[in-house]
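Chains A and B, in that order, give the protein sequences. Residue numbering for the first sequence follows numbering that gives the first Met the number 0, beginning at 0 and increasing consecutively. Residue numbering for the second sequence follows numbering that gives the first Met the number 0, beginning at 0 and increasing consecutively.
In case anyone wonders, no lab produced these hints; they're calculated from the structure. Hints are supplied without guarantee of correctness; some may be wrong.
Keeping only pairs whose Cα atoms sit at most 20 Å apart, straight-line, the calculated SDA-like set for lysine to any residue is [unchecked claim]:
1. Lys65/B to Gly251/A
2. Lys47/A to Ile319/A
3. Lys200/A to Lys332/A
4. Lys65/B to Asn274/A
5. Lys332/A to Ser66/A
6. Lys222/B to Ser66/A
7. Lys65/B to Lys47/A
8. Lys332/B to Lys65/B
9. Lys123/A to Ser66/A
10. Lys345/A to Leu126/A
11. Lys273/A to Lys332/B
12. Lys117/A to Asp97/A
13. Lys273/A to Thr266/B
14. Lys273/B to Ala268/A
15. Lys273/A to Lys222/B
Just so we're clear, the structure is a prediction, and the values are computed from it rather than from any experiment.
Each chain is listed here by its residues.
Protein chains: 2
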Amino acid sequence: MSNTSILSTLTNHQVRLASRPVGLPTRANWAFASEAVAEPAEGGVTLKALALSLDPAMRGWMNEGKSYIPPVGIGEVMRAGGVGQVIASKNPAYAVGDQVSAGFGIQQYLTVAQADLKRTAVSKIDLKLGSLTQWLNVLGMPGMTGYFGLMDIGQPKPGETVVVSGAAGAVGQTVGQMAKIKGCRVVGIAGGAAKCDWVVKELGFDACIDYKASPSAVREGLKAHCPNGVDIYFDNVGGEILDHVLAKITRGARIIICGAISQYNNTTAIQGPKNYLSLLMNRGMMKGMVVFDYADRYHVAIAEMAGYLKDGRMKSKEDIVHGIDTFPEALLKLFNGENFGKLVLKLAD
Amino acid sequence: MSNTSILSTLTNHQVRLASRPVGLPTRANWAFASEAVAEPAEGGVTLKALALSLDPAMRGWMNEGKSYIPPVGIGEVMRAGGVGQVIASKNPAYAVGDQVSAGFGIQQYLTVAQADLKRTAVSKIDLKLGSLTQWLNVLGMPGMTGYFGLMDIGQPKPGETVVVSGAAGAVGQTVGQMAKIKGCRVVGIAGGAAKCDWVVKELGFDACIDYKASPSAVREGLKAHCPNGVDIYFDNVGGEILDHVLAKITRGARIIICGAISQYNNTTAIQGPKNYLSLLMNRGMMKGMVVFDYADRYHVAIAEMAGYLKDGRMKSKEDIVHGIDTFPEALLKLFNGENFGKLVLKLAD
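Isolated chain A, as found in the complex (with noise of 0.2 Å):
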């Protein structure tokens, strides 16, 4: 079962955050480490990092202050979702070259001991139901992201007009697809011709609004192809965009907050939705959500959605970048819209 020979052979590679950003991270606010590879402990294993997950999350997590989950501590590892194998286990319930999702963090290697294998999110998972990338997209976090956020929240009826804004993205991608399959009307909003072009083409979403390509683009995007409003809007951008959802939309709509990435590296205040009176007037409803609450229903989504990627209903795109070094600059990538599909960080085959 133990397989702990090679491990002081060994280095682990990691980025921790050296200091608070104050607007976009620069290299500076990394530090680069590494450290012999622990031998796991009685009960524990020992993972080695295939592809981490870069998320925009990831922004508000270097932040100081209380937020859904404590912010990452100055000198640790960066928080990171990722996915791997077992390398070394003391643990019947995990065999050498078991695959796992985890939380590794920025680094190479991750040696858990048994009684952190919950909170460090140690789950194996089964890749005949999605490539190894498909785990960190679709099957991963912001795939459970948008299909609670949608379903659950949104509560889509057939016919209904959704709107996604980063639609090219993680969760967008999932969010517009389970809509379309759910039977709805769906408008994307991304940034660029080829990310509209291919959430249109290759998703089949109704119509995708390039934000990018004027500066009214979003407004007469919405009333072009909402001629009935807005039902649902699944945000994940927030600032001027929420606001021209917030003057279409329809009486009941729903508005989840998943997000707000054209904010998250302000150095001012962050942009209140101006327009949030349209709440009033047309009864809508705007709600919060974080994807762990869902933990207990992830089993339900993925079985759903590997069906849905089996059968071609729906399809993935990962952006895929190499290497720990490029950490610093691949997460940039989120917030300069250059990223296009979820955005993974590959360590090693």
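With the hints as your guide, set chain B onto chain A.
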């Protein structure tokens, strides 16, 4: 059944909208007019207004543009609810002397055709359940707003902390007292020591924050009086106060957006809630409401709250101003916070 002979001797004084205000309405936005009182046609009634309801929502009705109801047109009698009595009837369902509530408008008399009885919301009221002015307050639109907003959207549970702004106003007093009856801790926010004293000492709120006391009064008051955070916020005011409360909400909090009186006379853009991402962290919900949606259940709320008025568990306070000529200045009391209790324009005894 009919008593139309006196109608020809009467003059109906009215206030009509002369122009749309920019910022606070001034006397120049109003036109005083008078006309003869029309005889009711077969099936119709003529009503004499005894007291009219002055409400923050009126400011919105004066603006052009889409809202939950059409704006008042230039030259039209200003929209207002009121209570009065039947003075002529050609409808067997209404006898001369019957007390009614109706969409009177700011005028002394109203003749309603049979086809318009429903649209004008003509409805008999029972003075055994509450006084004439209570029918404009806790048993009227403000009371219905407070009741259904709190009960349907807020869904208060015993022991939860409920915060209500505009606490001494018409909606606020209903919300706070209902929340106390449902076993909640209730913290009001109101302007001035007199209002705060009243909601605590007379209405039994647990605490009240005088937002005028100092620039930090709301922040400090919420910290002092909501040690476990805010589970339900009933928002009548918007602006900074909404942001302060957002910073204190608990997980799963419900925010009822009923109004935003702080913003109604803005000449610049509405101030959006900068702290709206607290909804995300806390899985909070913000939902708008319009009281008309609950019309088919008004009788339930009236029956329940009339019982509380009778057994002394609810009190009500109306701020009564006299005479149709005072309307332009009386309305402003709502926006400078001068009114203390439900603002009522009394026209006759």
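Outcome of the hint check:
{"no.": "1", "hint": "Lys65/B to Gly251/A", "in the structure": "holds (16 Å)"}
{"no.": "2", "hint": "Lys47/A to Ile319/A", "in the structure": "holds (18 Å)"}
{"no.": "3", "hint": "Lys200/A to Lys332/A", "in the structure": "violated (23 Å)"}
{"no.": "4", "hint": "Lys65/B to Asn274/A", "in the structure": "holds (13 Å)"}
{"no.": "5", "hint": "Lys332/A to Ser66/A", "in the structure": "violated (24 Å)"}
{"no.": "6", "hint": "Lys222/B to Ser66/A", "in the structure": "holds (18 Å)"}
{"no.": "7", "hint": "Lys65/B to Lys47/A", "in the structure": "violated (58 Å)"}
{"no.": "8", "hint": "Lys332/B to Lys65/B", "in the structure": "violated (26 Å)"}
{"no.": "9", "hint": "Lys123/A to Ser66/A", "in the structure": "violated (28 Å)"}
{"no.": "10", "hint": "Lys345/A to Leu126/A", "in the structure": "holds (17 Å)"}
{"no.": "11", "hint": "Lys273/A to Lys332/B", "in the structure": "violated (26 Å)"}
{"no.": "12", "hint": "Lys117/A to Asp97/A", "in the structure": "holds (17 Å)"}
{"no.": "13", "hint": "Lys273/A to Thr266/B", "in the structure": "holds (13 Å)"}
{"no.": "14", "hint": "Lys273/B to Ala268/A", "in the structure": "holds (7 Å)"}
{"no.": "15", "hint": "Lys273/A to Lys222/B", "in the structure": "violated (26 Å)"}
The structure shown violates the earlier hints numbered 3, 5, 7, 8, 9, 11, 15.
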